[in-house]
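Which chain is which? The protein sequence lines are A and B, in order.
Residues in the first sequence are numbered consecutively from 1, following this note's numbering.
Residues in the second sequence are numbered consecutively from 1, following this note's numbering.
Since the hints were derived computationally from the structure, they do not count as laboratory data.
It is possible that part of the hints are untrue.
When chains are identical, the list treats them as one kind, so a pair holds in a single copy or across two.
What the hints assert, rightly or not - In silico SDA-like links for lysine to any residue, alpha-carbon gap of 25 Å or less: (1) Lys148 x Ala162; (2) Lys148 x Gly269; (3) Lys148 x Gly73; (4) Lys45 x Ser277; (5) Lys148 x Arg264; (6) Lys45 x Ser84; (7) Lys148 x Thr270; (8) Lys148 x Cys161; (9) Lys33 x Ala222; (10) Lys33 x Glu343; (11) Lys45 x Arg264; (12) Lys148 x Tyr273; (13) Lys148 x Gly274; (14) Lys148 x Glu266; (15) Lys45 x Ala313; (16) Lys45 x Lys70.
2 protein chains.
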Amino acid sequence: MIALASRRSDDTLLLPQPYLLFLGDTTEPGYAKTAFGLRDWAGDKCIGELALPAATVTAGLPRMTPAEAKARGARALVIGVANSGGVLSPTWHASLVDALEAGLDIVSGMHVRLAEVPGLAQRAARLGRRLIDIRTPPADIPIATGRKRSGKRLLTVGTDCALGKKYTALALARAFAEQGVDADFRATGQTGIMIAGEGVPMDAVVADFAAGAAEMLSPDAAPDHWDVVEGQGSLLHPSYAGVSLALLHGSQPDVFVVCDQPGRTEMLGTAGYGIPSAEEVIAATLLLGRRTNPAIRCGGLSYDTSRMSEADAFALMARDSERLGLPVADPIRGGAAFDRLVESCLG
Amino acid sequence: MIALASRRSDDTLLLPQPYLLFLGDTTEPGYAKTAFGLRDWAGDKCIGELALPAATVTAGLPRMTPAEAKARGARALVIGVANSGGVLSPTWHASLVDALEAGLDIVSGMHVRLAEVPGLAQRAARLGRRLIDIRTPPADIPIATGRKRSGKRLLTVGTDCALGKKYTALALARAFAEQGVDADFRATGQTGIMIAGEGVPMDAVVADFAAGAAEMLSPDAAPDHWDVVEGQGSLLHPSYAGVSLALLHGSQPDVFVVCDQPGRTEMLGTAGYGIPSAEEVIAATLLLGRRTNPAIRCGGLSYDTSRMSEADAFALMARDSERLGLPVADPIRGGAAFDRLVESCLG
Numbered sequence: 001m002i003a004l005a006s007r008r009s010d011d012t013l014l015l016p017q018p019y020l021l022f023l024g025d026t027t028e029p030g031y032a033k034t035a036f037g038l039r040d041w042a043g044d045k046c047i048g049e050l051a052l053p054a055a056t057v058t059a060g061l062p063r064m065t066p067a068e069a070k071a072r073g074a075r076a077l078v079i080g081v082a083n084s085g086g087v088l089s090p091t092w093h094a095s096l097v098d099a100l101e102a103g104l105d106i107v108s109g110m111h112v113r114l115a116e117v118p119g120l121a122q123r124a125a126r127l128g129r130r131l132i133d134i135r136t137p138p139a140d141i142p143i144a145t146g147r148k149r150s151g152k153r154l155l156t157v158g159t160d161c162a163l164g165k166k167y168t169a170l171a172l173a174r175a176f177a178e179q180g181v182d183a184d185f186r187a188t189g190q191t192g193i194m195i196a197g198e199g200v201p202m203d204a205v206v207a208d209f210a211a212g213a214a215e216m217l218s219p220d221a222a223p224d225h226w227d228v229v230e231g232q233g234s235l236l237h238p239s240y241a242g243v244s245l246a247l248l249h250g251s252q253p254d255v256f257v258v259c260d261q262p263g264r265t266e267m268l269g270t271a272g273y274g275i276p277s278a279e280e281v282i283a284a285t286l287l288l289g290r291r292t293n294p295a296i297r298c299g300g301l302s303y304d305t306s307r308m309s310e311a312d313a314f315a316l317m318a319r320d321s322e323r324l325g326l327p328v329a330d331p332i333r334g335g336a337a338f339d340r341l342v343e344s345c346l347g
Numbered sequence: 001m002i003a004l005a006s007r008r009s010d011d012t013l014l015l016p017q018p019y020l021l022f023l024g025d026t027t028e029p030g031y032a033k034t035a036f037g038l039r040d041w042a043g044d045k046c047i048g049e050l051a052l053p054a055a056t057v058t059a060g061l062p063r064m065t066p067a068e069a070k071a072r073g074a075r076a077l078v079i080g081v082a083n084s085g086g087v088l089s090p091t092w093h094a095s096l097v098d099a100l101e102a103g104l105d106i107v108s109g110m111h112v113r114l115a116e117v118p119g120l121a122q123r124a125a126r127l128g129r130r131l132i133d134i135r136t137p138p139a140d141i142p143i144a145t146g147r148k149r150s151g152k153r154l155l156t157v158g159t160d161c162a163l164g165k166k167y168t169a170l171a172l173a174r175a176f177a178e179q180g181v182d183a184d185f186r187a188t189g190q191t192g193i194m195i196a197g198e199g200v201p202m203d204a205v206v207a208d209f210a211a212g213a214a215e216m217l218s219p220d221a222a223p224d225h226w227d228v229v230e231g232q233g234s235l236l237h238p239s240y241a242g243v244s245l246a247l248l249h250g251s252q253p254d255v256f257v258v259c260d261q262p263g264r265t266e267m268l269g270t271a272g273y274g275i276p277s278a279e280e281v282i283a284a285t286l287l288l289g290r291r292t293n294p295a296i297r298c299g300g301l302s303y304d305t306s307r308m309s310e311a312d313a314f315a316l317m318a319r320d321s322e323r324l325g326l327p328v329a330d331p332i333r334g335g336a337a338f339d340r341l342v343e344s345c346l347g
């Protein structure tokens with residue numbers, strides 16, 4: 001069971017931090033996105049990394065054994081990598097056992113559950129250690145009520161999947177905090193939950209409870225507190241729009257930021273669906289978001305321009321900002337455009 | 001596991017019919033809605049009913065023991081009632097065991113699983129009988145792709161929950177068939193699945209797979225075949241809109257019918273949310289439904305006018321039909337208005 005914001009008072013439900021990052025025998029950097037995300041956004045919670053001899057990928061952290069990590073304060077080994085099958089490779093099993101023996105819990109965001117590793121559950125039980133599967137949602141999610149909650153909320157939404165909704169939410173939450181604004185990043189996916197140390201895996205919640213999960217995720221807060229919620233999918237994605245809408249309704253955001261990747265032409269995993277325009281996403285988000293927050297507004301757009309030259313990226317963002325009448329920024333490139341986006345969101 | 005339309009060739013996955021309806025010790029007719037629905041819409045699949053002495057509710061079918069029902073061809077005992085706790089009452093257990101001993105499977109739509117009845121799973125295993133929990137979704141639902149499928153589809157949508165979406169879909173499917181149109185009712189809720197003998201419990205599917213479940217539910221079909229899909233929730237319901245949107249995208253309907261209950265002022269289970277107008281529901285359904293079927297159109301409206309006088313009901317439906325430029329009918333009252341609705345849907 002994963003910790004939820006509303007249960008912060010119960011420390012036992014939070015993920016055990018800091019972490020030792022496990023990189024397995026990974027040679028493909030694309031499979032280590034979780035480890036890189038943890039290094040970049042929760043670096044203060046990462047003591048070191050552990051890899052098998054065959055690994056060529058590194059997060060750039062000190063290499064250490066589970067026992068060394070434990071001695072330096074680590075509380076859990078985190079599976080920071082995937083592989084092509086999305087499974088817990090048999091070559092990793094000895095390292096997982098080592099971690100338990102050293103006194104670390106294990107945290108995994110894989111589809112396969114840790115308890116399916118032969119013998120691991122018994123070993124953990126004997127040692128009093130926990131096996132924490134991030135993809136397992138809490139058992140006690142209520143049906144959403146739509147009740148207006150106190151505090152302010154921002155949700156990142158998308159023209160598609162996998163184009164920077166988590167990154168944008170993390171960057172905005174960090175920028176808010178740097179301006180002295182009381183803000184929390186609220187995680188809705190595996191990597192985000194590992195970074196935040198709590199959250200709810202929206203994609204694993206039973207459909208009837210998805211909006212209720214989003215309501216739990218950002219509970220009542222002080223009037224000037226911001227929850228910056230990691231979005232999922234897209235209202236116009238034929239596979240995942242239901243998740244996106246439940247998250248929109250349950251988050252009842254005051255402000256949303258549209259994430260896009262200029263140049264992408266087809267929605268991920270679909271049969272030839274084009275990417276909707278920013279205008280279409282804004283219109284749909286306003287229409288549907290008004291249901292639980294009549295004051296919802298678009299704060300601006302966040303572009304992933306990593307495949308463009310800097311000159312092209314800034315020229316495009318300036319043009320689109322002019323056309324839409326909204327700030328358009330790439331949080332990785334930052335600059336004045338990103339400052340304007342932050343300012344627009346805070347209102 | 002519940003049968004899905006796409007696996008019709010595998011007869012073992014369909015619900016075992018005909019049924020013996022179990023009424024328990026129910027004295028509250030409101031708790032016997034499932035039994036009444038089965039009697040009204042699958043009467044040819046109901047051999048008889050079984051009730052405990054304390055029961056005062058009846059579906060009007062011949063009373064018989066499980067052994068008598070088995071002798072007349074019954075294949076399953078169906079739990080046709082609920083109770084205030086939504087549980088399988090201990091007073092029912094002996095009847096469930098009797099059914100297994102008589103050679104019947106047991107079908108339940110309760111939240112509590114049949115296997116949680118002490119000893120029932122072992123008894124069923126020993127006798128080679130099945131315990132079928134309708135709320136357990138299939139394990140192999142794929143992620144939706146948005147691929148356009150052959151055949152025609154109609155989806156009932158709502159201004160709220162529980163105002164006739166199942167009833168309307170059943171009535172339309174029956175009316176289509178009476179006109180010689182090849183049509184199937186596609187069930188998405190517990191009672192509907194019992195009636196159809198197959199379907200998918202949309203509310204129990206994990207959110208990421210909800211649209212995929214809707215795609216499975218209405219597979220490729222002959223060009224002039226109609227799937228009439230039972231809707232769930234409402235795109236504007238703060239608790240369930242995600243389910244509704246996944247069902248809309250996955251069903252890719254050519255036609256939708258908006259279900260409403262005139263006089264209802266507040267959405268079920270919410271904190272003071274008003275019922276949206278038909279115009280709002282039509283606009284949202286067109287905007288979002290176009291994503292997977294650009295040709296989507298509204299066929300008309302279906303009203304539950306059971307709380308109105310006949311004169312008031314027909315006057316209201318005539319006025320609203322004039323205002324909206326669409327047929328408005330109460331399928332229970334039928335008449336020329338319902339004929340116009342059927343005609344409009346078939347296009």
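For this session: Compare the structure with the hints numbered earlier in the document and write down the numbers of the violated ones, lowest to highest.
Result: Per hint list: 3, 4, 6, 9, 10, 11, 15 violated.
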